[in-house]
Amino acid sequence: MSTVSFSVSVQEADFDLGAEMAGLAAGRRDVGAMASFVGLVRDANEGSGVSAMTLEHYPGMTERALEEIVAEAGTRWSLLAVRVIHRVGRLEPADRIVFVGVAGAHRGEAFAACEFIMDYLKTRAPFWKREDTAQGSRWVDARDSDDSAAARWSEAGDDWDEIEQRR
Amino acid sequence: MNVKILYFASLREAVGQASEELALPEGVASVGALRAHLAARGAGWDVLAGGRNVRAAVNQRMATADEVVQEGDEVAFFPPVTGG
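These protein sequence lines map, in sequence, to chains A and B. Going by numbering that gives the first Met the number 0, the first residue of the first sequence is number 0, and it counts up by one from there. Going by numbering that gives the first Met the number 0, the first residue of the second sequence is number 0, and it counts up by one from there.
It is worth saying that the hints were derived from the structure and are not from the lab. Just so you know, even glycine gets a beta-carbon here, dropped at the ideal spot from N, CA and C. Fair warning: there could be bad hints in the mix.
[Unchecked claim] Some but not every residue of chain B turned toward chain A, in silico, with C-beta under 8 Å:
(1) Ala-13
(2) Gln-16
(3) Ala-17
(4) Trp-44
(5) Gln-59
(6) Met-61
(7) Val-80
[Said to hold, decoys possible] Here are some, though not all, of the chain A residues that point toward chain B, as calculated from beta-carbon distances under 8 Å:
(8) Phe-5
(9) Met-33
(10) Gly-38
(11) Glu-55
(12) Gly-59
(13) Phe-110
(14) Lys-128
(15) Trp-152
[Claimed, not checked] These stretches of chain A come out as covered by chain B in the derived footprint (C-beta under 8 Å, 3 or more residues):
(16) 14-22
(17) 85-97
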């Protein structure tokens with residue numbers, strides 16, 4: 000019987016990619032595949048140069064939302080270890096924002112679960128980006144393509160978190 | 000019925016506050032009704048009006064407009080999320 004290790008962190012500090020990847024398989028012999036995603040701050044967005052960005056979040060709900068996304072991945076695939084780290088506060092181009100690492104017995108579930116976690120994180124975890132450009136500071140708009148990416152994983156669609164004003 | 004209301008990101012800036020405690024008037028007992036009640040406050044609060052892209056959570060879980068709001072709940076309003 001193998002143990003399963005799921006963990007999430009929301010933090011201002013940077014993280015060590017090598018240590019996080021190695022940690023997924025540390026002390027175990029059942030891992031055959033590890034997949035990871037790392038998101039970085041780009042120096043341009045929507046045609047403007049970006050000099051810095053600030054990530055706001057909803058303390059308490061953020062951690063819970065990430066834990067629920069990881070748990071959902073664990074019900075869809077046979078996973079051995081998952082680690083999610085999301086940074087908040089002020090970040091500059093080339094800084095790491097987010098890390099998702101997934102370990103499983105085989106590559107199929109590791110690749111799929113890693114992509115699933117990112118797609119759900121993009122639409123369900125309460126983070127908001129504000130970016131500094133030469134034209135001033137602006138909130139980043141949500142992308143429709145993120146909604147459709149998340150909806151791929153659900154045949155019933157993904158409108159559960161929409162508020163509809165019923166009049 | 001008293002609830003705590005939180006606002007985040009562009010909504011927080013538009014309404015000029017991050018949180019408040021509010022005694023709900025009679026008949027305001029759902030997320031959608033609370034949103035409409037707040038939107039009617041006037042300048043700045045129209046960001047919560049119908050047709051605007053607003054999300055909500057009750058007690059730190061995503062909620063739909065028809066979700067019931069109860070005494071002591073923490074209700075949050077915010078724009079679509081942009082993490083990752």
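With 8 Å as the cut and Cβ atoms as the points, is Gly-59 (chain A) at the interface with chain B? With a minimum Cβ separation of about 5 Å from chain B (threshold 8 Å), the hint on Gly-59 (chain A) holds.
Hint check: 8 Å Cβ-Cβ cutoff, Phe-5 (chain A) to chain B: Where the cut-off is 8 Å and the nearest Cβ of chain B is about 18 Å from Phe-5 (chain A), the hint is violated.
For the stretch 14-22 of chain A, does the count of residues with a C-beta closer than 8 Å to a C-beta of chain B reach 3? Result for this restraint: violated, n = 0.
Hinted contact Ala-17 (chain B) with chain A - closest CB pair below 8 Å: Result: violated, 10 Å to nearest chain A Cβ.
May I ask you to test the interface hint for Met-61 (chain B) with respect to chain A, counting a Cβ-Cβ separation under 8 Å as satisfied? holds, 4 Å
When the nearest CB of chain B is found for Gly-38 (chain A), is that gap smaller than 8 Å? Nearest chain B Cβ about 6 Å off; hint holds.
Status of the hint placing Glu-55 (chain A) at chain B (closest C-beta pair under 8 Å): holds, 6 Å
Quick check on Trp-44 (chain B) please, does its C-beta sit within 8 Å of some C-beta on chain A? violated, 14 Å
With chain B as the partner, please determine if Trp-152 (chain A) meets the hint condition of a C-beta pair closer than 8 Å. Violated - the Cβ of Trp-152 (chain A) stays beyond 8 Å from chain B, reaching only about 15 Å at its closest.
Are Gln-16 (chain B) and chain A close enough, Cβ to Cβ, to be under 8 Å, as the hint says? Not OK, violated: Gln-16 (chain B) not within 8 Å of chain A, min 15 Å.
Against chain A, is Gln-59 (chain B) within 8 Å by beta-carbon distance? holds, 4 Å
Restraint satisfaction for Val-80 (chain B) [CB to CB of chain A, less than 8 Å]: holds, 5 Å
Violation of the numbered hints given earlier is confined to hints 1, 2, 3, 4, 8, 9, 13, 15, 16; the remaining hints are satisfied by the structure.
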